[in-house]
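Produce the complete structure using the sequences and hints provided.
Taken in sequence, the protein lines are chains A and B. Okay, so the first sequence: first residue is 1 according to our numbering, each after it adds one. Okay, so the second sequence: first residue is 293 according to our numbering, each after it adds one.
Everything labelled a hint here was simulated from the structure, so no lab data went into it. Check each hint, because a few of them may be wrong.
Among the chain A residues that face chain B by a calculated CB cut under 7 Å, a handful are [said to hold, decoys possible]:
#, residue
1, 49
2, 53
3, 57
4, 58
5, 60
6, 182
7, 184
8, 190
9, 246
10, 248
The beta carbon of each residue, even a glycine, is placed where N, CA and C say it ideally should be.
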Amino acid sequence: MSGPGPAAWAPSATQRDRIDFRRHQARRSGLVAAASTVAVTAVAVLALTSSPGWPRVRQSFFDPDVALASLPAIAQGLWLNVRVMVGCAVVIVVVALALAVARTLRGPVFFPLRAFATGYIDIFRGLPLILVLLLVGFGLPGLRLQGIPASAVLLGSLALVLTYSAYVAEVFRAGIESVHPSQVAAARSLGLTRAQTMRTVVLPQAVRRVVPALLNDLVALSKDSGLISILGAIDAVRAAQIETSQYANFTPYVVAGVLFVALTIPLTRATDAIARRSGWSRSQGGLAGGAL
Amino acid sequence: MNRTRVLALAAASALALAACAPVDDGAEPAASASDGALATLADGRLTIGTSDPAFEPWIVDNDPTSGEGFESAVAYAVADQLGFAAGDVDWVTVTFDQIIAPGAKTFDVAINQVSISDERKQNLDFSSSYYDTAQAVVTLEGSPVAGATTLAELQGARIGAMVGTTSLQIAEDVIAPTTAVSPFNDNDQVKQALAAGLVDAIVVDLPTALYITAAELDGGVLVGQLPAGDNPDQFGLVLDKGSDLTAPVTEAVDALRADGTLAALEAQWLTDAAGAPVLE
Chain A
1 MSGPGPAAWA PSATQRDRID FRRHQARRSG LVAAASTVAV TAVAVLALTS
51 SPGWPRVRQS FFDPDVALAS LPAIAQGLWL NVRVMVGCAV VIVVVALALA
101 VARTLRGPVF FPLRAFATGY IDIFRGLPLI LVLLLVGFGL PGLRLQGIPA
151 SAVLLGSLAL VLTYSAYVAE VFRAGIESVH PSQVAAARSL GLTRAQTMRT
201 VVLPQAVRRV VPALLNDLVA LSKDSGLISI LGAIDAVRAA QIETSQYANF
251 TPYVVAGVLF VALTIPLTRA TDAIARRSGW SRSQGGLAGG AL
Chain B
293 MNRTRVLALA AASALALAAC APVDDGAEPA ASASDGALAT LADGRLTIGT
343 SDPAFEPWIV DNDPTSGEGF ESAVAYAVAD QLGFAAGDVD WVTVTFDQII
393 APGAKTFDVA INQVSISDER KQNLDFSSSY YDTAQAVVTL EGSPVAGATT
443 LAELQGARIG AMVGTTSLQI AEDVIAPTTA VSPFNDNDQV KQALAAGLVD
493 AIVVDLPTAL YITAAELDGG VLVGQLPAGD NPDQFGLVLD KGSDLTAPVT
543 EAVDALRADG TLAALEAQWL TDAAGAPVLE
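Structure representation (structure tokens):
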């Protein structure tokens with residue numbers, strides 16, 4: 001790049017016009033978008049604040065003093081939600097994968113295992129979570145057996161695992177069955193055993209394909225982790241409920257809602273980004289696992 | 293820019309705004325009661341809210357209309373003071389959250405063992421107290437805390453109470469247990485948790501404690517009352533903040549206290565608390 005080369009490229013008059021026109025258009029769209037946003041917000045705010053009940057609603061739902069006073073208790077409760085969610089998620093994935101694989105086993109000798117997995121999934125996917133929680137939470141310790149935990153958090157987590165592993169097992173099964181039979185045939189013809197085929201050919205593809213569905217269940221789990229409060233655990237929602245009844249003011253519920261959203265939105269975005277970087281989302285295209 | 297679409301959007305927004313046009317629910321004409329005295333939700337009728345299920349001894353058999361049970365009886369006595377015959381009283385089911393929600397209420401007054409507190413007074417109106425109670429500790433025979441005579445002996449126990457109640461707050465403050473008090477949705481679940489072994493002891497108000505140890509729990513033991521501290525727990529009738537009925541209802545409760553009706557109803561429905569020692 002030395003020497004007096006030809007003068008730097010300069011756009012032609014037509015190109016300059018084009019650039020100007022585009023810049024003008026862009027500025028115009030920006031202004032219109034801003035004006036429209038301001039107008040819509042103003043109308044919404046006006047409609048809200050001019051309603052006759054607004055002062056009381058604001059006092060009942062958006063009281064900064066109550067919000068501040070209730071924040072520590074709710075944040076502490078949310079920490080329990082996070083721990084329950086993470087712990088359960090790990091166990092759920094393991095149990096669900098085992099169930100899904102058990103359901104796809106072929107051969108008459110595996111019939112009891114298949115039947116058990118199918119029955120388990122049918123039952124726990126059919127039972128409302130809250131019923132499972134009540135039955136496990138109040139029923140199991142009532143048996144007074146040795147080794148049964150009497151902790152609301154452990155019992156609640158057990159109920160969450162029972163219910164969610166049934167859902168997640170079906171997600172895994174859908175992934176496993178989406179792998180084309182020709183892949184299994186090819187792997188077997190190369191001399192891999194059934195177990196090796198499952199482990200090295202089918203499962204990696206199956207798991208990639210169901211990552212979005214798994215994330216969906218994880219977000220649902222993060223919210224349902226609050227249901228263990230009916231067994232006496234103090235999670236974010238229950239902490240908010242306690243504060244709400246103490247002040248006769250709903251602001252703690254709003255605080256809990258904000259905290260939950262603040263927890264799940266970054267979770268979703270982060271996992272989206274990881275999925276994109278690993279090219280998982282593209283593996284959906286084509287039966288050959290995205291190789292096409 | 294597509295003009296029809298803009299117009300359609302504008303029209304839709306206008307419709308949406310009209311649909312939620314402000315209606316001031318607080319502006320009901322005050323003098324519309326047919327008897328000319330009180331502005332209640334329904335002319336000439338008094339609507340009272342309570343929870344479902346309602347528990348004994350407050351309301352017998354979960355049927356507030358029977359007049360049986362302390363709160364049902366008090367409600368009818370208050371209604372009578374206000375000039376409503378028993379037939380003019382309607383009952384509605386409400387939760388605590390519905391009681392405290394801003395906006396139109398489904399009841400004129402609510403009676404649901406709601407304790408009067410300064411925090412709650414910010415957002416609710418209360419009548420004067422119709423009952424002062426203490427909180428009591430209940431456990432099962434054979435529990436390590438069954439023979440407890442001091443608060444210190446309860447500190448290591450896992451304690452349960454109903455969420456949002458003074459029982460829960462007082463358990464936290466007075467017993468100050470080493471593990472946080474477990475909150476449950478209602479007193480039924482509190483009892484279940486005790487029976488199932490999820491908690492070692494529970495805290496409920498004294499009349500409830502006397503009732504469940506006598507009638508509901510197998511092997512229930514009333515350990516004792518908790519000291520009330522500076523301000524005893526007082527139950528008040530709940531009204532919407534700024535309700536026109538607050539003053540008349542308070543006058544009615546005061547009159548019932550003055551003429552001995554409340555004491556008589558207490559003696560009739562709430563077992564005498566003399567048998568429960570105070571834990572120090």
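* Determine which of the earlier numbered hints do not hold for this structure and return their numbers in increasing order. => 1, 4, 6, 7, 8
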